[in-house]
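S.K.: Spelled out, the chains give:
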Amino acid sequence: MMDFGPLWLSAQLALVTTAILIILGAPLAWWLSQTRSRWQPVVQAIVAMPIVLPPTVLGFYLLIVLGPNGAIGSWWVKLTGDTLTFSFTGLVIASCIYSLPFAVQPMQNAFESLSKRNLEAAWTLGASKLDAFFSVAVPLSIRGFVSAIVLAFAHTLGEFGVVLMVGGNIPGETRVVSIAIYDHVETLDYASAHQLSLALIVFAFVTLFSMFLINRRWQAR
Amino acid sequence: MSPLRTGFLFAALVSTNSFADENLTIAVASNFQATVNEIAAEFMAVTKIPVRISSGSTGKLYAQIVNGAPYDVFLAADSARPKLLEEAGAAVKGSRITYATGALVLWSADSALKNKDCLAVLKSGSYRRLAIANPLTAPYGLAAKEFLQAAGLFDEAENRIAYGENISQALQFVVTGNATLGLIAMSQVKGRLPVTASCSWNVPSTMHSALDQQAVLLSGSDNADAARKFMNFLQTTQVAMILEHRGYTVPE
Amino acid sequence: MSIVELKYSIQKGDFHLAVDTEIPTTGITGIFGESGSGKTTLLRCIAGLERSEGGSSQPVHQRRIGYVFQEPQLFAHLSVRKNIEFGMRRNPDASDRTDEVSRLLEVNELLGRSVADLSGGEAQRVSIARVLCQSPQLILMDEPLSALDERRRNEVLPYLDRLHEELSVPIIYVSHNIDEICRLSDHLIVLDNGKVVAEGDLQTMLARIDLPQLGGRNAGAVLNATQSRYDDEFDLTLFGFSGGEIWVPGRHDSSRTRLRIRASDISLSRSPAESSTILNILPATIEAIAAETTSAELVRLSLGDDCLVARITRRSLQRLELQVGDKVYAQIKSVTVRR
Numbered sequence: 000m001m002d003f004g005p006l007w008l009s010a011q012l013a014l015v016t017t018a019i020l021i022i023l024g025a026p027l028a029w030w031l032s033q034t035r036s037r038w039q040p041v042v043q044a045i046v047a048m049p050i051v052l053p054p055t056v057l058g059f060y061l062l063i064v065l066g067p068n069g070a071i072g073s074w075w076v077k078l079t080g081d082t083l084t085f086s087f088t089g090l091v092i093a094s095c096i097y098s099l100p101f102a103v104q105p106m107q108n109a110f111e112s113l114s115k116r117n118l119e120a121a122w123t124l125g126a127s128k129l130d131a132f133f134s135v136a137v138p139l140s141i142r143g144f145v146s147a148i149v150l151a152f153a154h155t156l157g158e159f160g161v162v163l164m165v166g167g168n169i170p171g172e173t174r175v176v177s178i179a180i181y182d183h184v185e186t187l188d189y190a191s192a193h194q195l196s197l198a199l200i201v202f203a204f205v206t207l208f209s210m211f212l213i214n215r216r217w218q219a220r
Numbered sequence: 000m001s002p003l004r005t006g007f008l009f010a011a012l013v014s015t016n017s018f019a020d021e022n023l024t025i026a027v028a029s030n031f032q033a034t035v036n037e038i039a040a041e042f043m044a045v046t047k048i049p050v051r052i053s054s055g056s057t058g059k060l061y062a063q064i065v066n067g068a069p070y071d072v073f074l075a076a077d078s079a080r081p082k083l084l085e086e087a088g089a090a091v092k093g094s095r096i097t098y099a100t101g102a103l104v105l106w107s108a109d110s111a112l113k114n115k116d117c118l119a120v121l122k123s124g125s126y127r128r129l130a131i132a133n134p135l136t137a138p139y140g141l142a143a144k145e146f147l148q149a150a151g152l153f154d155e156a157e158n159r160i161a162y163g164e165n166i167s168q169a170l171q172f173v174v175t176g177n178a179t180l181g182l183i184a185m186s187q188v189k190g191r192l193p194v195t196a197s198c199s200w201n202v203p204s205t206m207h208s209a210l211d212q213q214a215v216l217l218s219g220s221d222n223a224d225a226a227r228k229f230m231n232f233l234q235t236t237q238v239a240m241i242l243e244h245r246g247y248t249v250p251e
Numbered sequence: 000m001s002i003v004e005l006k007y008s009i010q011k012g013d014f015h016l017a018v019d020t021e022i023p024t025t026g027i028t029g030i031f032g033e034s035g036s037g038k039t040t041l042l043r044c045i046a047g048l049e050r051s052e053g054g055s056s057q058p059v060h061q062r063r064i065g066y067v068f069q070e071p072q073l074f075a076h077l078s079v080r081k082n083i084e085f086g087m088r089r090n091p092d093a094s095d096r097t098d099e100v101s102r103l104l105e106v107n108e109l110l111g112r113s114v115a116d117l118s119g120g121e122a123q124r125v126s127i128a129r130v131l132c133q134s135p136q137l138i139l140m141d142e143p144l145s146a147l148d149e150r151r152r153n154e155v156l157p158y159l160d161r162l163h164e165e166l167s168v169p170i171i172y173v174s175h176n177i178d179e180i181c182r183l184s185d186h187l188i189v190l191d192n193g194k195v196v197a198e199g200d201l202q203t204m205l206a207r208i209d210l211p212q213l214g215g216r217n218a219g220a221v222l223n224a225t226q227s228r229y230d231d232e233f234d235l236t237l238f239g240f241s242g243g244e245i246w247v248p249g250r251h252d253s254s255r256t257r258l259r260i261r262a263s264d265i266s267l268s269r270s271p272a273e274s275s276t277i278l279n280i281l282p283a284t285i286e287a288i289a290a291e292t293t294s295a296e297l298v299r300l301s302l303g304d305d306c307l308v309a310r311i312t313r314r315s316l317q318r319l320e321l322q323v324g325d326k327v328y329a330q331i332k333s334v335t336v337r338r
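Chains as they are written, first to last, in numbering that gives the first Met the number 0: chain A, 0 to 220; chain B, 0 to 251; chain C, 0 to 338.
Where hints are given, some of them may not hold.
Stated by the list, open to error - What the simulated footprint calls covered on chain A by chain C, stretch by stretch (three residues with Cβ under 8 angstroms from a Cβ of chain C suffice, anywhere in the stretch; the number is not a length):
| # | stretch |
| --- | --- |
| 1 | 133-139 |
| 2 | 188-202 |
To be verified - Quick list of in silico lysine-lysine cross-link-like pairs, DSS-like style, CA-CA up to 25 angstroms:
| # | chain 1 | residue 1 | chain 2 | residue 2 |
| --- | --- | --- | --- | --- |
| 3 | A | K115 | C | K81 |
| 4 | C | K194 | C | K6 |
| 5 | C | K11 | A | K128 |
Unchecked claim - With the Cβ distance kept under 8 angstroms, some of the chain C side facing chain A (calculated, not the full set):
| # | residue |
| --- | --- |
| 6 | K11 |
| 7 | D13 |
| 8 | F85 |
| 9 | R89 |
| 10 | Q133 |
| 11 | Y229 |
In case anyone wonders, no lab produced these hints; they're calculated from the structure.
The structure presented is a predicted model; accordingly, all values stated were derived computationally and were not measured.
Note that the Cβ used here is the ideal one computed from N, Cα and C, for glycine as well.
Extracted from the complex, chain A is given alone in its bound form:
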């Protein structure tokens, strides 16, 4: 029986990252879709950066920023006595940055296609802006949310370069499935690499398939 720990760890990482990205990304996507601020293009560009940057570049800077001498890392060390790098928490932060555009952009697109008048109708009917966001904007953008969840989850599941840079390959903590497969290939343990890859393929397919199926059901309604 082979070790499926890395697969489970990857699933956890993708799940936690996706949850955080939806919760924090939705307000950000909303702001990007509604604001007329001249800072909007700046923030938009920053959000899109991880698409362009090679994961190793992103990983290198995260290694510095999350490290014990870095801006975030030093604060974390003071707070918890532990470093962020080489920890699951650190991977979650890194993954959130790495997958940010994949969660924000679909939600933003969905929000942008909402009718402004529809929201105004909600406000005049007595819904506060927050109320209208949850009772009108979010349900009408549900397909954007599904896309965001699928893309953020899939992108995090397949993450390699960034984890390689900041993870430290620690079993049960940062040794995710992509790293484990890479190691098996490097050590010529092709049998284990095949097994883990196959498990990943099946897992990824089943997850994506169920999400697309749900999306289709929604569409049909």
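Place chains B and C on chain A using the hints.
M.R.: Chains B and C alone, transformed into the frame defined by chain A:
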């Protein structure tokens, strides 16, 4: 470095024409690239044979060679892969030589450890993280693990080890301060680093299996004469001086 | 009669809206003007959807002002019932008026449906029902029929008549369609280029012949009339008003109603035509004359306490030597009855 590079480029360009017959392609482990550049320059100065260098991790180069990559000589970072190639017939039988032996260093860039005894810090456990290369994939990682086991420190250190995918990444962890200590290669310490060492201790070579780096002549080479010349050149005193300067020991 | 103050000022690019007026707290106030005159901007200021200088800073959702948009703006993810309950659930003081409102707008059979399955007219009825159920203190209607075709429009209009008759909440009704305004409003504000150019009760306003906005094809007056009898032999209904009686084709069931007579449907003569095909010939006095174009004149006629406006050519005016104070006969070709 850069005038040297230009020289290679020029040589490589020329080689496609008049020197096509004597063009030599060397596959080299990444961490040995800087050294091999220097060696190749000397080699070209002596023999006028143009040299092209292709670098990568030993594992990747191995996979490429097995799949028919057109290299003449393979300078690996270990002895396992050259041995496998030789057994599989991808390398010429009897051509395998140990061209250099690496050394392991316990090293830190943490300013808090300035002028302290690196080994004492390791033994006392008063450090946050220890960076080593992946023992499964990197010879230096294996050596580091063997040393820790020999010193009876492995069990205590295990949950504080951060594994670099290779020795370069282990160095990166230490240089960026993410790991307090690192077990890295002497050749790395001798090279140019963005930070200065705060403490350093040379691990005795008796505490781990030898870090022999082996070279083989590849069976697929259509330039065996030039390749043999290069293999011989590796064993000259001229090269020995370069290797020692760069932190390697040279086999007798 | 108590009043609602409207005082808004807003600059949008080259356009400046500056309104400072008052409207009654009962009935429907029509706001009439060409597109671009600032009607919608004014409504948006009242609702709080636009920030105006000196306007209230109270958030939109706390104003309790109902807004009926051109398009129904129903929420596609909610059923018709949930749409109608949306505002009610958010107003702690609102009593459940679903039954009353459903009956008024006849949306009962639509409640279980999905929004996507409604026709344009049904959807607009639902959106009006949604606004009524929120128990607003003021209702704004921004050209609620303009997105509908003629047939759908005639489907919805009777419901608006009903609101007019049965509701006590004031309504501001914006339109560029004079027929809708004449049919529905009691009070009229004429807006042009962001300014109020005239205002007053509907009948007085329509009797004015000095306003270019109410000239041209918009010219015409309304009469408040009472049904006297129905002639079933010729299928005609007789209505009485302060200045006489008018025959209208067909059967009309309301006893009190509003008759609309366009300026172009009235001709004048010095003597009553004996052998005319025209059914309604009423004696009137010329109250005012104003040149409308180089060829046309508008004439205001007084009949009892009511007024009519007639359009005649300048040539006829000169030929008949018509002057203020003259007694004439108004020949009325066509009359529109509200319902």
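S.K.: If you check each hint against the structure, which ones fail?
M.R.: 2, 6, 7 and 11
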